[in-house]
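Now for the letters of each chain:
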Amino acid sequence: MSPVTANTFDAPEAGRWPLFGWLSFAFFAFAQVYAVATSPADQMMGHLQKMMYVHVPAAWVTFVAFGIVLWTSVLFLWKEDERHDLMAASAAEIGAVFCGLTLILGMIWGRPTWGVWWSWDARLTSTLVLFLIFVGYLALRSFVEDAQRRGQWSAAVGILGAINVPIVWMSVKWWRTLHQLQSDPRSLSPEYARGLVLNALAFLFLMIFFIRRRYEAARYERAAEHASQAAALGGYNG
Amino acid sequence: MALHDDMRRIRAIVWKDLTTERRSKAGFNAVAALGVTILVLFGFALGPDTKALQDAAAGVLWLAVLFAGVLAFNRSYQVELDGGALEVLLLYPGARWAIFAGKLIANLIFVLAMLVIVVAVGIVLFQVRIPAQWPSLIGIMLLGVIGLVSLGTFYAAMSSRSRAREVLLPLLLYPMLIPVLLASMEATKAFLTGDIMNAVGAWVQMLALFDVIFLVATFWAFESVIEV
Amino acid sequence: MALHDDMRRIRAIVWKDLTTERRSKAGFNAVAALGVTILVLFGFALGPDTKALQDAAAGVLWLAVLFAGVLAFNRSYQVELDGGALEVLLLYPGARWAIFAGKLIANLIFVLAMLVIVVAVGIVLFQVRIPAQWPSLIGIMLLGVIGLVSLGTFYAAMSSRSRAREVLLPLLLYPMLIPVLLASMEATKAFLTGDIMNAVGAWVQMLALFDVIFLVATFWAFESVIEV
Amino acid sequence: MLRGINLQVRAGEIVGLLGHNGCGKSTLLRIVATLLKSSAGEAYVYGANVRTQGDDVRTHVGFFAHVPGLYDDLSARENLAFAATMLGLPAADIDAAIERVGLAHVTNERVRGFSAGMQRRLSLARLILQRPRLLLLDEPYNNLDTAGIALMNGFIDELGEAGGAALVVVHDLVPAAGVLDRTVTIRDGRVAAPAPEDFTHGGTSPEAITLPAGAAGIS
Amino acid sequence: MLRGINLQVRAGEIVGLLGHNGCGKSTLLRIVATLLKSSAGEAYVYGANVRTQGDDVRTHVGFFAHVPGLYDDLSARENLAFAATMLGLPAADIDAAIERVGLAHVTNERVRGFSAGMQRRLSLARLILQRPRLLLLDEPYNNLDTAGIALMNGFIDELGEAGGAALVVVHDLVPAAGVLDRTVTIRDGRVAAPAPEDFTHGGTSPEAITLPAGAAGIS
Ligand code: HEM
Ligand SMILES: Nc1ncnc2c1ncn2[C@@H]1O[C@H](COP(=O)(O)OP(=O)(O)OP(=O)(O)O)[C@@H](O)[C@H]1O
Ligand SMILES: Nc1ncnc2c1ncn2[C@@H]1O[C@H](COP(=O)(O)OP(=O)(O)OP(=O)(O)O)[C@@H](O)[C@H]1O
Ligand SMILES: [Mg+2]
Ligand SMILES: [Mg+2]
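In order, the protein sequences belong to chains W, S, V, Y and U. Note that our numbering has the first sequence beginning at 1, numbered continuously upward. Note that our numbering has the second sequence beginning at 1, numbered continuously upward. Note that our numbering has the third sequence beginning at 1, numbered continuously upward. Note that our numbering has the fourth sequence beginning at 1, numbered continuously upward. Note that our numbering has the fifth sequence beginning at 1, numbered continuously upward.
You may find that some hints are simply not true.
What the hints assert, rightly or not - Below, a list of computed lysine to any residue pairs in the SDA-like style, where the Cα atoms sit at most 25 Å apart:
{"hint": "1", "chain 1": "V", "residue 1": "51", "chain 2": "V", "residue 2": "125"}
{"hint": "2", "chain 1": "V", "residue 1": "51", "chain 2": "V", "residue 2": "29"}
{"hint": "3", "chain 1": "S", "residue 1": "51", "chain 2": "S", "residue 2": "137"}
{"hint": "4", "chain 1": "U", "residue 1": "37", "chain 2": "W", "residue 2": "81"}
{"hint": "5", "chain 1": "W", "residue 1": "79", "chain 2": "V", "residue 2": "95"}
{"hint": "6", "chain 1": "V", "residue 1": "51", "chain 2": "V", "residue 2": "192"}
{"hint": "7", "chain 1": "V", "residue 1": "51", "chain 2": "V", "residue 2": "124"}
{"hint": "8", "chain 1": "W", "residue 1": "79", "chain 2": "V", "residue 2": "109"}
{"hint": "9", "chain 1": "U", "residue 1": "37", "chain 2": "U", "residue 2": "56"}
{"hint": "10", "chain 1": "U", "residue 1": "37", "chain 2": "W", "residue 2": "84"}
{"hint": "11", "chain 1": "S", "residue 1": "51", "chain 2": "S", "residue 2": "120"}
{"hint": "12", "chain 1": "U", "residue 1": "37", "chain 2": "U", "residue 2": "6"}
{"hint": "13", "chain 1": "U", "residue 1": "37", "chain 2": "V", "residue 2": "224"}
{"hint": "14", "chain 1": "W", "residue 1": "173", "chain 2": "S", "residue 2": "95"}
{"hint": "15", "chain 1": "Y", "residue 1": "37", "chain 2": "S", "residue 2": "95"}
{"hint": "16", "chain 1": "Y", "residue 1": "37", "chain 2": "S", "residue 2": "220"}
{"hint": "17", "chain 1": "U", "residue 1": "37", "chain 2": "W", "residue 2": "219"}
{"hint": "18", "chain 1": "S", "residue 1": "51", "chain 2": "V", "residue 2": "125"}
What the hints contain is simulated information worked out from the structure, not anything from laboratory work.
Looking at chain W on its own, in the form it has when it is part of the complex (with noise of 0.2 Å):
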């Protein structure tokens, strides 16, 4: 709760977004029925395989989560408009959670196939890198009273991270070059394509409504701050 606060609004309204939930979870899990079903077992892995369907849509709605983060906070900066600054804060939220799902999954995976929960391969260890930076950039935010320097701040923030995951990639990438190389994920064959791409749309619309909700939340979150200012208004009355 700060003294200075952006233009108070509306708390905004659910529209149709609750149907949009419904209807992304029902495709969600006939994405996930159709691709189980219709990819063959892998030579190699085996049933194994279907972690894919679960494991690289989370990884790829990851990036499209921390690229909102990127742009909204973009726009913070230049319009100042606390709308946008809320909705970094979500996108980089649920982006968060996908981020640790594919770690997760990729774990879960990497035991039976690898043989190993984790390995310093490149890619694993970026992820967990891009991890920490959003882990930190919430830290940030929950760290800050103040809204408007949580807005500025945490936009910088979230700008400077955005830009940094590539490099890290990259440096990592190097780094793990420079030494042995362990078996890395497989590269795509094509008849586990449309699976794949199904489930990677089923996450994205899971990731939206997600997102929407999370920025509803925060929205009502802000004006419940609003509330509990005017309440703290002029200190003692009397």
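With chain W fixed as given, assemble chains S, V, Y and U with the ligands onto it according to the hints.
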């Protein structure tokens, strides 16, 4: 003052510390995340080849806990300092050791919770094989943490008064902690590498001994440290 | 405002920061000593056998500098914060980037001085063989420190004004720094282990590139960070 | 810089402490409150030596410093609740105290967001809860608006009636005019105008503060 | 929590700002000083918009906050020297300023050891050095002894004569009585008693602060 008064006071302080910790929302999560980040840094520093990492695991885990824990100690007095709350705290009647006890317990809870996370992640990242005798390993970690926290809480009380807290605390603490750290690292390593026969017992005894010494010494000395 | 005014301001800030650093008892010496202490801790953590230590040397040196340096960054704003000096500083007319430049330079001097000590001790502790091309090694360290300090000074501007600065700064800084750290570590290692052929050049280029990116980005972003 | 303070405050007496900036008023209060050790000389609070019997002294003293001494992340209510527990007082009176200092509308707000004066009011509420036998107030009127000043004076009077004593550092006598029984001025580290015995009312009541000649000597 | 402040201060005018604790006085000052951005409404200092033309505004404003804003590890002299450099002023006048606020005897002492009032005096010295065209004083008399108050008033008057303007937050009008041309009271985030034009002297001189209706609207 009667003992149960002190108990009530200790509870109040523990509650207060943990609440402020929780309130400053990401307080714990941030420290834990930092512990993990430090683990990753070590991973990069010690190069990608698995063998080296596995050998270093025991030491690295303890260092990560140490570096992250130090921050927690400072924070627990930071709360008192801004706004001169410490003076008020000192002016409450009753024994001062209660203040120390309260902060000690709060920090203990905090660091243990963090340790769990860091160790869990560490086991994965450094591909540690969990030994059959993991229960006794937990015992060792408990002993290590007690030593760490008792000294840490004590020195934090000292350094908190000076500016440049962040520098002073580790500077005082790390050298003093070396016996505890060494014992914990060696004992842990012995367990992880599986060759128990070699003198784990000795390390553990040493650890327990130091814990007792540190606890007694800090409780005794706290009064005079916090006094002025 | 004319440029030379800004220059004058920058000089003033550098002088002020370094003076307060020097005055405050637990200033430079403490931080340097801490760097050394951390080296020692690593020594214990990585066990006694020389080979392991030598391999880890490059990485460990940079980590020690990093962990000690982080403290310096927060301190450089801490000075501004107690007693609300920062607001006064912000109220002085003239461009704000001058403030950043001043602090950046001050921190640069500080960390470089510390680096010299830490490296000197590290070479002894970890029995590093000084390579024939040590001049270019110095160049690499310079590049590494520039990246470290620019990002550190920038993030400290935020973390120091949030609650829990000790936790927030490293949490933000470490992951972002990984490219710089990796490049510095690898380049240094290549020199120390003597196998220059493999891609030192690449690492150095990468290092220089990041320095430029980070410097530009931080100078650009500082205004919007400090103004609120 | 305190050379030799010679000062008695009797129970029931409200004494104003004057002196130019930096003459040692805050320091004197901190010594009496056992927060500083004086380098030489003794000081007694209700007969308890501040140097050797700190615990007894602290049971009597209520200190109101330049800074509010609150926990920013706790709510107004929680701050008082903590104080009550530490003082061994029932939690019952908390709301009354908050009500009285006019912060009822922010009882559950974090202190972090309070304005300067609101924080001062909250630490006043803590004193109201504690009802100490000896009040040490360091420029208590800072940041307080007129209503706040009235609150402060009301509380001081109340304690005075109840037989408590108070030592109040002030620069400007106007707000304090109503409550002070007498004033003492520190000049060059000495009590410039030690009030004549007869001036003090309740001459028979026990001495709240005793600083024999040469007491609290902080060269 | 400031709803809509409508307030003009003319050059040469010394205006007192009143209001109960937490009504937003400090916040208002910080907005005018460009230290806070107001969410809605505009504010102008000598015609410069505090939101968009911060640099111009800062060349006019001298701000005296709740806290002294000094470097504890620098001496009184060094603190002023730094300020002078940052302000682009000659170092010549420093000693005079220190002399004037009566800190000559501690010129080379670290500020850390200063008492509350001594620190306030030093930041007053900084203002004396700066001689801003617009003074924003937040409870300037806190911690100051009578001599210090006289210093403060003298300086304010001086600036007023020189055609500067001042906005002074006070709770107690007594010390400020001599200097204020008029007062403005904030109630429920609005200016309760906007002074009639004729009241203000120098009706023709340029406006030092302009807050059009609805300005500094901080819901
Ligand atoms: C913690 C462990 C893992 C992490 C953090 C991780 C991370 C990622 C990321 C970020 C991507 C998307 C990047 C891209 O598409 O280029 C990805 C793609 C992929 N991952 Fe993983 N992964 C992990 C483990 C695994 C394992 C164990 C396998 C299978 C053995 C695997 C197979 C794949 C495949 C097949 C792709 C898609 C390939 C492509 O499109 O380039 N991953 N992973
Ligand atoms: N840092 C902050 N965070 C959140 N809210 C704040 C902050 N500072 C002030 N406020 C709110 O702004 C309101 C006004 O604060 P401000 O300090 O301007 O009051 P004030 O008029 O200066 O009171 P006082 O006379 O006690 O100084 C208060 O009600 C407070 O709740
Ligand atoms: N922390 C400190 N370290 C060193 N000297 C100090 C410290 N605090 C105060 N002093 C010295 O003690 C003297 C008295 O300080 P004190 O704060 O008691 O003055 P005071 O009477 O409270 O002044 P004020 O009315 O401005 O509050 C000052 O001259 C100062 O130099
Ligand atoms: Mg004082
Ligand atoms: Mg105020």
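Open item on the list: Given the hinted pair residue 51 (chain S) and residue 125 (chain V), is their Cα-Cα distance within 25 Å?
Closed with: 23 Å, holds
Task: Pairwise hint evaluation, residue 6 (chain U) against residue 37 (chain U), where the allowed Cα distance is 25 Å at most - done: Status holds; Cα separation ~17 Å.
Open item on the list: residue 51 (chain S) and residue 120 (chain S) were given as a pair; does the straight-line alpha-carbon distance stay at or below 25 Å?
Closed with: This hinted pair holds, its Cα atoms lying about 19 Å apart.
Open item on the list: Tell me if the straight-line CA distance from residue 37 (chain U) to residue 224 (chain V) falls inside 25 Å.
Closed with: 12 Å, holds
TODO: Measure nothing beyond the straight line between the CA atoms of residue 37 (chain U) and residue 84 (chain W); if it is 25 Å or shorter, mark the hint as holding.
DONE: 18 Å, holds
Open item on the list: Check whether the Cα positions of residue 51 (chain V) and residue 192 (chain V) lie no farther apart than 25 Å.
Closed with: Status holds; Cα separation ~13 Å.
Task: residue 37 (chain U) paired with residue 56 (chain U) [C-alpha distance capped at 25 Å] - done: Status holds; Cα separation ~15 Å.
Open item on the list: Hinted pair, alpha-carbon criterion (25 Å max): residue 51 (chain S), residue 137 (chain S). Please report holds or violated.
Closed with: Given that 25 Å is the threshold and the Cα spacing comes to 21 Å, the pair holds.
Open item on the list: Please verify whether residue 51 (chain V) and residue 124 (chain V) have alpha carbons no more than 25 Å apart.
Closed with: 14 Å, holds
Task: residue 37 (chain U) paired with residue 81 (chain W) [C-alpha distance capped at 25 Å] - done: Distance ~13 Å between residue 37 (chain U) and residue 81 (chain W) Cα, so the pair holds.
Open item on the list: Holds or violated: residue 51 (chain V) and residue 29 (chain V), Cα atoms, limit 25 Å.
Closed with: 31 Å, violated
- [ ] Would you check the hint for residue 37 (chain Y) and residue 95 (chain S), treating anything up to 25 Å between C-alpha atoms as holding?
- [x] Given pair residue 37 (chain Y), residue 95 (chain S) holds - Cα atoms ~18 Å apart, limit 25 Å.
In summary, the numbered hints that this structure violates are 2, 8 and 14.
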